[in-house]
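Visitor: Single-letter residue listing:
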Amino acid sequence: MPYLRDCWYLAAWDHEVPAEGMLSRRILGEPVLFYRDDKGQLTALHDRCPHRFAPLSRGRIEDGVVYCGYHGLGFAANGKCVANPHGRIVNSLSVRSYPVKEGYYGVWIWMGDPQLANDTELPDLDFFKEVAESAYSNGYLHGDANYLLFVDNICDLTHADYLHPNTLGGGSYTRTRSKIIERERGLAIQWHCMNEVPQPIMRINGLTADRADSWTEIEWTAPSIMTIRNGSVPAGSPRSSGKNFLVAHIMTPETETTTHYFFAATRDFARDDEELNARIAANRVAIFSSEDQPMIEAQQERMEDQEFWSLNPVLLPSDEGAVRVRRKLGAMIQAEAKTATPQAS
Amino acid sequence: MPYLRDCWYLAAWDHEVPAEGMLSRRILGEPVLFYRDDKGQLTALHDRCPHRFAPLSRGRIEDGVVYCGYHGLGFAANGKCVANPHGRIVNSLSVRSYPVKEGYYGVWIWMGDPQLANDTELPDLDFFKEVAESAYSNGYLHGDANYLLFVDNICDLTHADYLHPNTLGGGSYTRTRSKIIERERGLAIQWHCMNEVPQPIMRINGLTADRADSWTEIEWTAPSIMTIRNGSVPAGSPRSSGKNFLVAHIMTPETETTTHYFFAATRDFARDDEELNARIAANRVAIFSSEDQPMIEAQQERMEDQEFWSLNPVLLPSDEGAVRVRRKLGAMIQAEAKTATPQAS
Amino acid sequence: MPYLRDCWYLAAWDHEVPAEGMLSRRILGEPVLFYRDDKGQLTALHDRCPHRFAPLSRGRIEDGVVYCGYHGLGFAANGKCVANPHGRIVNSLSVRSYPVKEGYYGVWIWMGDPQLANDTELPDLDFFKEVAESAYSNGYLHGDANYLLFVDNICDLTHADYLHPNTLGGGSYTRTRSKIIERERGLAIQWHCMNEVPQPIMRINGLTADRADSWTEIEWTAPSIMTIRNGSVPAGSPRSSGKNFLVAHIMTPETETTTHYFFAATRDFARDDEELNARIAANRVAIFSSEDQPMIEAQQERMEDQEFWSLNPVLLPSDEGAVRVRRKLGAMIQAEAKTATPQAS
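Chains as they are written, first to last, in this note's numbering: chain G, 655 to 999; chain A, 655 to 999; chain Z, 655 to 999.
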């Protein structure tokens with residue numbers, strides 16, 4: 655399936671592109687070089703010299719210009735050649751420069767029509783905007799599966815009852831029907847588990863009541879940005895008396911079958927509890943990498959590079975969110991293909 | 655080349671599918687889950703959930719039902735869904751269930767039309783039927799070559815004279831023309847080496863005469879079940895005065911270029927000699943894995959995934975058995991394709 | 655791109671094919687067995703038995719005949735079967751025998767029409783003809799890139815200024831325009847850097863003058879044999895007062911994307927200085943394997959198995975040599991294809 659291109663993809667956490675230094679990372683199959691100039695200004699260029707196809711990331715940065723390490727051509731942040739020790743600078747001496755933006759502790763890249771980038775805001779992750787370090791953590795995992803399998807995983811939270819029975823699961827998601835709400839460039843998928851057996855994780859987090867009301871409200875923004883607001887109270891108590899965990903799962907395609915998986919988390923309570931913060935981050939990695947990731951990579955392996963729908967999956971009511979996500983994204987990709995101006999790559 | 659499907663393939667030795675536990679193994683390219691219920695009854699299911707394609711082998715077994723570890727669907731031995739915590743059980747919620755049979759210390763699977771399985775006996779390996787443990791051994795090796803290259807290897811025993819000169823060879827196979835006898839679903843390939851220089855292995859096994867009469871009688875049953883009855887006597891002595899080694903080589907395709915290679919061996923003498931038994935088993939593995947396997951895998955590598963006949967092999971008289979095996983199997987596969995009802999996979 | 659076939663390729667250094675023993679090496683994608691008979695006479699055969707496709711290199715040599723280790727067929731140096739223990743020797747029992755020649759400490763193979771081999775001399779490497787051991791060294795590296803990327807690398811020496819700034823570079827190549835001279839089956843590419851800042855390597859080699867005249871004269875002979883004569887004198891001094899380093903870089907395609915890279919070096923001074931000889935050889939390997947090789951392999955990776963011209967490289971004046979090499983070689987390959995008689999392989 656082609657990718658949605660006219661949108662912001664999270665390419666890296668900001669600390670992954672240090673003040674001096676470079677990051678070379680494949681995004682939607684294309685090798686991209688990320689670096690900063692002396693003022694910290696971020697640049698993303700196609701990581702392939704137009705002369706002899708050496709990776710520019712094997713070169714060096716000076717005054718915001720990247721010099722190819724093979725024959726010394728220099729390219730500025732706009733991709734234009736600004737140094738050719740061998741002769742005239744002709745127009746064809748340029749590399750694709752990708753619009754980039756920083757925000758929410760991340761480096762974002764625009765892989766589509768650059769004309770459209772300026773007028774487009776980053777997807778709303780405002781709950782990460784001004785968070786104390788003691789209440790925030792992020793992370794990165796590399797996954798060997800198509801990015802939409804990782805998106806599906808979050809859309810259908812009933813998986814927690816079977817894949818994470820001793821932490822996030824317990825059965826309440828399965829007994830609950832999610833509510834889907836249309837958004838402009840996405841969907842909300844809301845799981846409200848009312849008067850339910852508390853999930854083991856709620857016990858760990860201090861809930862003592864026999865029954866709980868809980869909410870897990872997912873916002874999916876195309877193509878693959880997902881946030882979750884999650885909390886619980888003793889059954890019947892007002893939601894406003896509860897605490898909220900705020901988590902983002904952002905999946906950026908590296909290739910058709912590999913994914914950059916970014917996590918971030920904060921909360922609206924105990925914001926100065928660094929010990930709790932560290933524990934939450936460690937648990938998230940432990941659960942995801944030992945339970946979700948192996949299952950999703952095994953799915954991909956069983957699909958043997960065939961397209962999801964071509965395998966005729968049998969759908970369950972709990973797939974409603976995932977199916978609507980895939981359909982909405984598919985329609986957006988089709989619409990984009992119709993209006994797109996061809997991109998140089 | 656397509657596979658013969660309406661036949662029993664050895665999938666595992668029985669100890670490989672323990673009472674509690676599962677075995678996931680690819681057979682003819684398809685991932686298959688083998689497990690037993692509480693009564694030890696064996697089941698083989700397509701190892702891929704029809705919902706989201708997770709391997710069922712990442713789930714758990716309870717009361718003979720396998721529960722998918724991702725979203726909790728449960729499938730019974732017949733492949734029908736018997737537990738759907740998310741809604742109604744619809745007909746499409748099923749996985750392919752393969753007929754299985756146990757016998758000759760092995761787990762056998764039927765990859766073709768299940769209607770035909772019941773009426774078909776396992777291939778005759780009766781000489782393994784009731785054997786003392788002290789006179790029996792079996793083993794498994796994974797081979798990186800097409801299964802028919804392993805079959806060819808046994809069909810043409812002249813290879814022993816060159817590949818195993820210090821044990822099974824010695825020259826007598828080359829000086830002998832094999833006799834081929836048509837069987838209903840196979841061929842007999844008989845090597846009777848009369849008044850010949852004894853093979854080194856016969857010396858090791860105690861033969862002292864200068865000349866020997868020996869017999870190595872192969873029964874090939876389509877597609878790839880081979881037994882060998884082998885023995886020797888001093889030249890001119892009655893065959894009934896000799897001892898017999900009884901060996902099976904059973905090659906089950908994993909993929910087009912990889913093979914599950916099963917061995918089993920017994921004998922009609924010294925049946926309570928456990929030390930001899932262990933020595934025979936160890937020698938078999940040592941010879942095969944250091945001499946046959948590297949040669950056959952090198953053959954496969956040189957063939958570069960091209961079809962055997964397309965490479966125009968130059969055939970020798972000693973290839974007669976192998977060629978008739980390949981032709982007979984080819985004809986059976988063609989005949990099967992003409993009458994086959996399409997299988998769900 | 656097809657290969658030039660009617661020419662001598664360096665297949666190995668002579669010590670790589672020992673008196674007793676064999677070397678199996680893929681040349682232009684074909685597996686070739688190299689061995690010597692009792693008199694040291696060299697043979698090159700297709701390393702695949704025509705019977706069952708076993709590599710002949712898994713067999714043994716006796717009296718100049720290679721015996722297949724699987725079923726004992728024997729092939730003489732001309733590729734004809736001379737031993738068939740299983741029956742008559744038919745004409746089809748033969749393997750392709752490649753013309754071979756020894757010279758310049760190397761083993762050379764002819765992959766094209768054998769009729770043309772006899773009348774063709776080895777490419778001229780006469781400066782290696784009678785060299786004291788103390789003034790000669792050779793070496794071999796395996797490279798993961800198309801052989802023409804390695805050829806391009808030598809053609810455009812401006813790369814030294816950027817890839818080897820502290821040794822071979824310094825800027826003088828970039829400020830110099832190479833002179834290209836047509837040869838019968840090749841090109842000369844001459845870099846004369848006059849009145850220039852000395853390269854760091856010249857300082858290391860004892861030059862003390864502020865400015866230097868230097869010469870680096872490359873002879874490329876199709877398809878991929880390159881020699882370099884290189885030296886320097888204080889600016890304005892006669893060239894005859896200088897010393898010459900004499901180096902060969904010979905790239906033989908293993909496959910489309912891998913290369914056998916052979917080096918050899920000598921000089922016209924300090925020929926009995928073994929310590930210097932060892933230092934030169936060590937430096938060459940150190941520089942090439944840590945600077946050239948990683949860059950060229952990264953180029954290949956970025957080209958993703960696409961053909962060089964199809965990627966529309968932007969050419970610089972310094973590419974003139976490399977471009978003329980590729981065009982001349984392309985024309986030779988086309989001309990050869992038109993007149994070629996088909997080869998059995």
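Derived by calculation from the structure, the hints in this document are not laboratory data. Note that the coordinates shown come from a computational prediction; the quantities given were computed from them, not determined experimentally. Note that CB positions come from ideal geometry on N, CA and C, so glycine has one too. Any given hint might turn out to be false.
What the hints assert, rightly or not - Residues of chain A clear of chain Z, computed beta-carbon distances all greater than 12 Å:
(1) PRO819
(2) GLY823
(3) ARG831
(4) GLU850
(5) GLY890
(6) ALA936
(7) ALA952
(8) ARG956
(9) LEU965
(10) ASN966
(11) PRO967
(12) LEU970
(13) ASP973
Stated by the list, open to error - Residues on chain A that point at chain Z, a partial pick, calculated with CB under 10 Å:
(14) HIS796
(15) ASP798
(16) THR828
(17) ALA924
(18) PHE962
As the list claims (entries may be wrong) - Label-pair restraints from in silico Cβ distances:
(19) VAL939/G <-> ARG714/A: 51 to 61 Å
(20) HIS846/G <-> GLU961/A: 26 to 36 Å
(21) ARG839/Z <-> GLU674/G: 31 to 41 Å
(22) ASP668/Z <-> GLY683/A: 40 to 50 Å
(23) ARG865/G <-> GLU787/A: 25 to 35 Å
Visitor: Does each hint fit the structure? Answer for all of them.
Guide: Results of checking the hints against the structure:
1. A Cβ of chain Z approaches the Cβ of PRO819/A within 12 Å, the least distance being about 10 Å, so the stated non-interface status is violated.
2. Against chain Z, the non-interface label of GLY823/A is violated: not every CB pair exceeds 12 Å, the least being about 10 Å.
3. With a cut of 12 Å on Cβ distances, ARG831/A falls inside the contact zone with chain Z, its closest approach being about 10 Å.
4. Chain Z leaves GLU850/A outside its interface by the beta-carbon criterion, the shortest separation being 14 Å against a cut-off of 12 Å.
5. With a least beta-carbon separation of about 26 Å from chain Z, GLY890/A lies farther than 12 Å from that chain, consistent with its non-interface assignment.
6. The non-interface label for ALA936/A is consistent with chain Z: the shortest C-beta to C-beta separation is roughly 23 Å, beyond 12 Å.
7. For ALA952/A, the requirement that its beta carbon stay farther than 12 Å from each beta carbon of chain Z is not met, with the minimum near 5 Å.
8. Some Cβ of chain Z comes within 12 Å of the Cβ of ARG956/A; the nearest lies about 5 Å off, and the non-interface call is violated.
9. The beta carbon of LEU965/A is not kept farther than 12 Å from every beta carbon of chain Z, the shortest such distance being approximately 6 Å.
10. Taking the minimum C-beta to C-beta distance to chain Z, about 8 Å, the non-interface status of ASN966/A is violated against the 12 Å cut.
11. For PRO967/A, the non-interface assignment is contradicted: its Cβ lies about 6 Å from the closest Cβ of chain Z, within the 12 Å cut-off.
12. With a least beta-carbon separation of about 4 Å from chain Z, LEU970/A fails to lie farther than 12 Å from that chain, contradicting its non-interface assignment.
13. Separation of ASP973/A from chain Z is inadequate, the least Cβ-Cβ distance of about 8 Å not exceeding the 12 Å criterion.
14. The beta carbon of HIS796/A is not positioned within 10 Å of any beta carbon in chain Z (closest approach about 20 Å), and the interface hint is therefore violated.
15. The interface hint given for ASP798/A is violated, since its Cβ lies 15 Å from the closest Cβ of chain Z, which is over the 10 Å cut-off.
16. For THR828/A, the interface hint holds, the least distance from its beta-carbon to any beta-carbon of chain Z being 5 Å, beneath 10 Å.
17. A cut of 10 Å between beta carbons decides the hint on ALA924/A: the least distance to chain Z is about 33 Å, and the hint is violated.
18. The restraint placing PHE962/A at the interface with chain Z holds, with a minimum CB-CB distance near 8 Å, inside the 10 Å limit.
19. Between VAL939/G and ARG714/A, the C-beta spacing of about 24 Å breaks the proposed range 51 to 61 Å.
20. Restraint check, HIS846/G to GLU961/A: a C-beta distance of roughly 59 Å breaks the suggested window 26 to 36 Å.
21. A C-beta distance of roughly 49 Å is found between ARG839/Z and GLU674/G, which places it outside the suggested range of 31 to 41 Å.
22. Taking 40 to 50 Å as the suggested C-beta distance range, the pair ASP668/Z and GLY683/A conforms, at roughly 47 Å.
23. Separated by about 58 Å at the C-beta atoms, ARG865/G and GLU787/A break the suggested range of 25 to 35 Å.
Hint compliance for this structure: hints 1, 2, 3, 7, 8, 9, 10, 11, 12, 13, 14, 15, 17, 19, 20, 21 and 23 are not met, and every other hint is.
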